[in-house]
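There are 2 protein chains.
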Amino acid sequence: MTFTPSAVDEKAIATIRALAADVVANANSGHPGAPMGLAPLAHVLWSQFLSCDPNDSRWLNRDRFVLSNGHACALQYVMLHLLGYKVSLEDLKQFRQLDSRTPGHPEANHTDGIEVTTGPLGQGVAEAVGLAIAQRNAAATFNKDGFEVFKSHIYTIVGDGCLQEGVAYEALSLAGHLALDNLIVLYDDNHITIDGDTAVSFTEDVVARFESINFNILHVDNGDSDLAAIYDAIEKARQSTGKPTLIRVRTTIGYGSLKAGTASTHGSPLKPEDIAQFKEKNGLDPNEKFFVPEDVRELYKKVNAAGAERHAEWTKLFESYASAHADDHAEIVRRYERRLPEGWEKSLPTYKPDDAAVASRKLSETVLKKISGVLPELVGGSADLTGSNLTRWTDAVDFQPPATKLGEWTGRYIRYGVREHAMAAIMNGLHAFGLHIPTGGTFLNFVSYGIGAVRVAALSKFRVIFVATHDSIGLGEDGPTHQPIETAASLRAMPNLHFWRPADGNEVSGAYISAIRSVETPSVLALSRQNLPQLEGSTIENALRGGYVLIDNDEAAITLVATGSEVAIARDAVAKLADKGIKARLVSIPCFEVFDAQPLEYRKQVLPSGHPILSLEAYSTFGWGKYSHVHHGVNTFGKSAPAAAIYKDLGITDEAVAAKAAAVVEYYNKAGVKPISPVELEAAFE
Amino acid sequence: MTFTPSAVDEKAIATIRALAADVVANANSGHPGAPMGLAPLAHVLWSQFLSCDPNDSRWLNRDRFVLSNGHACALQYVMLHLLGYKVSLEDLKQFRQLDSRTPGHPEANHTDGIEVTTGPLGQGVAEAVGLAIAQRNAAATFNKDGFEVFKSHIYTIVGDGCLQEGVAYEALSLAGHLALDNLIVLYDDNHITIDGDTAVSFTEDVVARFESINFNILHVDNGDSDLAAIYDAIEKARQSTGKPTLIRVRTTIGYGSLKAGTASTHGSPLKPEDIAQFKEKNGLDPNEKFFVPEDVRELYKKVNAAGAERHAEWTKLFESYASAHADDHAEIVRRYERRLPEGWEKSLPTYKPDDAAVASRKLSETVLKKISGVLPELVGGSADLTGSNLTRWTDAVDFQPPATKLGEWTGRYIRYGVREHAMAAIMNGLHAFGLHIPTGGTFLNFVSYGIGAVRVAALSKFRVIFVATHDSIGLGEDGPTHQPIETAASLRAMPNLHFWRPADGNEVSGAYISAIRSVETPSVLALSRQNLPQLEGSTIENALRGGYVLIDNDEAAITLVATGSEVAIARDAVAKLADKGIKARLVSIPCFEVFDAQPLEYRKQVLPSGHPILSLEAYSTFGWGKYSHVHHGVNTFGKSAPAAAIYKDLGITDEAVAAKAAAVVEYYNKAGVKPISPVELEAAFE
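Quick mapping for you: the protein sequence lines, in order, are chains A and B.
Here the working numbering is used: position 95 in the first sequence is 319, and no number is missing along the way.
Here the working numbering is used: position 678 in the second sequence is 902, and no number is missing along the way.
Note that these hints are calculated values from the structure, not bench results.
One should not assume that every hint holds.
[As the list claims (entries may be wrong)] Below, computed lysine-lysine pairings styled on DSSO-like, alpha-carbon distance capped at 30 Å:
hint, chain 1, residue 1, chain 2, residue 2
1, A, K872, B, K685
2, B, K828, A, K898
3, B, K894, B, K804
4, A, K586, B, K804
5, B, K804, A, K894
Keep in mind that this is a model prediction, so the values were computed, not measured.
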């Protein structure tokens, strides 16, 4: 098959370019250059190839499209509008305005038809790799003879900026390793970045680099106007077997503008007279803004109808699949609706105080072993720390090309390699596909390497779960380069993210229940390398409240509040205080964010006014003012030594805490002050 | 020239392997595999090539060595010991013990002979790129006819783990672009990572990838024992012109162990019997530990003496350089001693309240323009946001290969490309070379992409300066994907890092003075996109205290404390409160960390007990408990809209703050509580 462009195709492309320029000019903010350069590619891609149903943007078997150079989103919004997604002309006029459907960069769970959040460079293409993994896995898991229920491609447009980012290289190298031939990367090769010509910083041989990471390569030498070449390349890419494809599309940034080919079209609106000359030259009325010619409308209505038809055909297929493979059908529907299997939580282990002390990373392994069978949507993995993170359940099968004999496409354990940032971004893509719950392991300290993608997960409302082991100075000998002191603060400060630091087995089980139930929130589970005792008073139910009382005392002079590995130390400090005749309470707060969501009355019971509250955590004390009046922690980098020696050296011991608590009690007694609980204070002004 | 290894070379290599195994076994923790695999390479490199003086590890013209796979540091410590650095046998026995010289991963400013901190994978090789840039720049700037004062190479050993990391790709792509032929990357190609064979995740053609990024490639097919091949490759790499070199050295992890070639030698001590068999097989006493044969000692003494001699010869050269080029000599010495030019601060601009409102990124540009001439050690740059970060001074010359005609080796402005993580790590290398003060620009939101390297800077005590513009919701239309809400918390929680958020011109000048004077501390300057008025009461001296009183009032019922763009809003709120008859004070805290270092008496004056303190900042309120009782901020992601609309929508306005302040005053009056200042409380238990 080939493609002979008609006059209306040319007009459609001119219309897209004009609309993109109008959108940006009307907002007086945004990026017209890439949209104008990419309009032909976008038109051919959507009108000829992209299998989607604009009337149902969540159709399961759609092709996925990711605009990795998210700053070019004027293009994407224009396309969504023309195709008939829920993006109106009025929405286009509200580009980059308060609470509009068309924000400055594409946001998932915000605008109809946007699969993933992009804009922070490199994220989108890595998310596309995640989508491709999910698609491949779903197809292998659910397709049956005569029932190719899952058959789609993942398309992503990337610019030079994306390709310079490390996260993109990491993800693409893994895509090549995994031989994801359902992935088509469209490289907008326009030689321009914000600083000017790519000659100033990006002169590598991109094509050779992609060859070295096992990509199939195709070229479109004139992406500005050679529609047939664009068509042929995409058509060929869709036939590729065994490798993902890079199509290098040579374009001119700001094509059609008087400043075409220069960085000045990248990030500023075109001048009115420049837009006018473009429209005039292309047979559009220079005085009309946001104008779509009738025949262009018609063209896209046909595209819309064709999508709806494809969807309808697929629905028939899926209905007969329901008859032939009722269980699989039910499973797909369940996972698509993000419903968890009835009673799955019962598989989670619980512990009694006389059970053995166990490292919380090991407790996490036990959970994964118990739930991996019950939750087939769980897809595990680690950034090359499997044996340390303990993220792999016993009978896990690796997700690998079967030809490698190292795994199967149905495999649910991903060997991410030493690629933390890509892992995090790929997990976003896995979630976005709609059928998986990704968990990924690394040391807590190296969640920071991927924080750019963690942030995207939180903003996108994506359920991804980080198994972040070796969570503090308890990591021991590896030393301060590997001991996170400040990481918790950055994660706790992030909106819509659950940072869990469980203290024992029941809290680990609770953390997993919460993380898996929180469909719109990513979770980071900070887990210990060292053994932790099972606590009297901890239960899954308690953990699920985010914070709770472990030791109560109506006559307490002080409340100690701690997390994770320090809860048991605080418990021992309470005993030491009792020896001194000081009555103390003990509170565990495994998750700030979940605790904050509890009713105020409950929170006030846990952390009441009237006596001082002292926190204990082997992290920076930064942020503890939320809950405690005085804070005990580690405000320096850690040390390289056996864990017990570091704890002692840095004063994270029951003796030190008891001594400080006694001093705090005395201080408040002397001052004659009955302090207000920070919880109560915060609530007073919400 | 070529190299014919003698029996003592073989013995030296066996000794290095045995020592490394002993070091790890004695600590019962660490990584023996890579050291045993790399011993031949290390021996040839140090004994035949590496130009250094172990008696003076800071010798200016030394070759730099970076162990990017820092977990292999048992090797590096053994080598430093044999060469005669300040690492004793006793230090080797204290490997990974509390406060030893030999921590779990190499730390700069901690162990003699360690140039940069490594261990977090990918950091070291990126730092090596920074060292290579600095070396090339210093040579171009200071070498004269007949005086090749700067002539050295940068060697770095990398493993598969480093090469999988995005930060390494980013930095190496830039190194290829910059044609840094003083950089020699020694790739430990052992096919093993923690998860097992590289076949599970890392199957790209590494050599082809390096060719694609403009590297010269050499091979050593038997790095386990072919010393002549190692020698020849390094010798050839040193002759390379116009490109950095990758030497692929095929090695066997844990060579000599019974488990050689397997992941099990990677991160766990060898068994005693395994070490014994190795020693026996290699002519060493199996019962001796930490043993160095006399002839091996002698060999390394000669290496030490040769290094001292080379240093002495260079010193003669440098003395005659002093006569011939007195000014340049003085300049080198000044920069080497990290002394700033007398009176340089006088070049900094100051502002009066009636000066125009200016964006703090623009104020920063003015500072850079003023000081770039006075501080020739300043090396600027941006991760492809030059025009937005405003990081380039008017007459700046780019650091580029002269053949590109885009700049000069003497250039002091680096086009980092869209490579934030590499930029941060390269800045660490620039600092470590010893003659430069690097500044690098990106949006504050994308400092997070490089946080792994920022952390290394803080831990290493490196003076690097981030020009982090577009610092909050004031960024406006680009939207929540680009608006940092949580980033400040992560940076403020990090030990030894100065996070500045200046409120006006004088505070910007103060921030720069502090950042440049803080030789052992990295700084992040968070700067606004939008205009900020010049404040009554702000001065450079005040800013240098980190926090100070802008509006005082002996009868105040409340203190407002704010930073950056919100200080002026808080000032207007004070006026609004006055209208309501409520007396209020105003405090600006541009830098928490610097403020915390002030005497307690001063801090208590600024934030006194006795009335409530309310904070205002357009970030997450997480962490403000340090200074305020009630906090007003942005605990959600931002929005895409013009900045003023977002401020209003999120309630960051003088009206909202005045209303909240009035409510706070009323609350405390009703409660009859005179609250203790958090500053006083914290100090009471330090």
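So if I understand the rule, the pair passes when the alpha-carbon distance is 30 Å or less; does K586(A) with K804(B) pass? Roughly 59 Å separates the two Cα atoms, so the pair is violated.
Quickly compare the C-alpha distance for K804(B) and K894(A) to 30 Å and report which way the hint goes. Given pair K804(B), K894(A) is violated - Cα atoms ~36 Å apart, limit 30 Å.
K828(B) and K898(A): Cα distance at most 30 Å? 21 Å, holds
Within a Cα-Cα threshold of 30 Å, do K872(A) and K685(B) meet the stated pairing? 25 Å, holds
Run the distance test for K894(B) versus K804(B): straight-line Cα separation, threshold 30 Å. Status holds; Cα separation ~18 Å.
Hints 4, 5 from the list above are not met by this structure, while the remaining hints are.
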